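Participant: Line by line, the protein sequences are chains V and R. Here the first sequence is numbered in my numbering, starting from 1 and rising by one per residue. Here the second sequence is numbered in my numbering, starting from 145 and rising by one per residue.
Keep in mind that a hint or two might mislead.
Claimed, not checked - Here are some, though not all, of the chain V residues that point toward chain R, as calculated from beta-carbon distances under 10 Å:
#1 Leu12
#2 Tyr33
#3 Glu35
#4 Thr81
#5 Pro92
As the list claims (entries may be wrong) - To be clear about the criterion: a stretch of chain R counts as covered by chain V if any three or more of its residues have a C-beta under 8 Å from a C-beta of chain V, and this derived list gives those stretches:
#6 175 to 182
#7 219 to 231
Hints listed in this document are in silico derivations from the structure and should not be mistaken for laboratory results. Just so it is clear, the structure is predicted and the values come from calculations on it, not from any experiment. Backbone N, C-alpha and C fix where the C-beta goes; we use that ideal spot for every residue, glycine too.
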Amino acid sequence: MSDVDTPAWEDLDVGHELSPLRLTLSAAQVRQYAEAAHMPGARFFSDDAARKEGLPGQIAPGNLSLALFSRLIVTALPGATLTRLGATFRVPVRPGQPLVVRGVITEKHCTDHGDLFECDLVIESVEGDRWVTGTASARAPAPR
Amino acid sequence: MAITIDRSVVGSEFDRTTHPPVAQTEVDAYAAASGESCPADGVAPPTFVVSLRSHRFMPKSLARLGRAGLDAGKDIELGAPIRVGDVLTTVSTVHDIYEKTGRSGPMGFLVLRTVVTNQRDEGVAVIDQRMMFR
Numbered sequence: 001m002s003d004v005d006t007p008a009w010e011d012l013d014v015g016h017e018l019s020p021l022r023l024t025l026s027a028a029q030v031r032q033y034a035e036a037a038h039m040p041g042a043r044f045f046s047d048d049a050a051r052k053e054g055l056p057g058q059i060a061p062g063n064l065s066l067a068l069f070s071r072l073i074v075t076a077l078p079g080a081t082l083t084r085l086g087a088t089f090r091v092p093v094r095p096g097q098p099l100v101v102r103g104v105i106t107e108k109h110c111t112d113h114g115d116l117f118e119c120d121l122v123i124e125s126v127e128g129d130r131w132v133t134g135t136a137s138a139r140a141p142a143p144r
Numbered sequence: 145m146a147i148t149i150d151r152s153v154v155g156s157e158f159d160r161t162t163h164p165p166v167a168q169t170e171v172d173a174y175a176a177a178s179g180e181s182c183p184a185d186g187v188a189p190p191t192f193v194v195s196l197r198s199h200r201f202m203p204k205s206l207a208r209l210g211r212a213g214l215d216a217g218k219d220i221e222l223g224a225p226i227r228v229g230d231v232l233t234t235v236s237t238v239h240d241i242y243e244k245t246g247r248s249g250p251m252g253f254l255v256l257r258t259v260v261t262n263q264r265d266e267g268v269a270v271i272d273q274r275m276m277f278r
């Protein structure tokens, strides 16, 4: 990752947009996550099973969206400690659909134990449809 | 299907599970599947905590709330990191239950709170899961 993508902590402030993650989950990745996270729901494993539940096809577990948010924070703010993470699952995330994970710093609190950053997060389609919204708190490393 | 809201269950504990020690293989499998990196050797990625499976996922007494629920959202307060070898205990309670009416009709929301501690009684996480029923 370049220095442009990860500015110094003191340069980070409200309004800073985190470098987005762009990816497309595959059906196999979704299954792999559901297995690793001990989520046995059939909707996470096949289109047929999901359709029997009234869904359009295989969907990704909401917890995988949380993991994508965590990945965004840790990638964009290396060395930060995630202290809180929240998400609202508005539309199921499905494999095969290109998605973008974005974040923006909304608050910055300076403390003796390292700056605390509040972020707004979203997982959206490439057309900008918001599938998952969230917020996070992340603490920068304590100053030496 | 009618939604039955019984607020008398709020605050009731419905599961207490002590999990087997966290294994390196579990952490590796979770990190590989989620794409998250481990903060340090032997430390699990932050969202590993949601992979803990308790004995009981839902309170028995809420069987008539509605049709099968959908995961509507989750909030996690993170505390002590999870390390390989940790023995974690999860305690789950009904934190809230309420009804909302949307464009498609009434919806029931159930908030389940799971408090996770480790063998040193350190707070590892507080997870609020919102389930939606129609």
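Participant: Next, verify each hint and record whether it holds.
Facilitator: Comparing the hints with the structure gives:
no.	hint	result
1	Leu12	violated (19 Å)
2	Tyr33	holds (4 Å)
3	Glu35	holds (7 Å)
4	Thr81	holds (8 Å)
5	Pro92	holds (8 Å)
6	175 to 182	holds (count 6)
7	219 to 231	holds (count 4)
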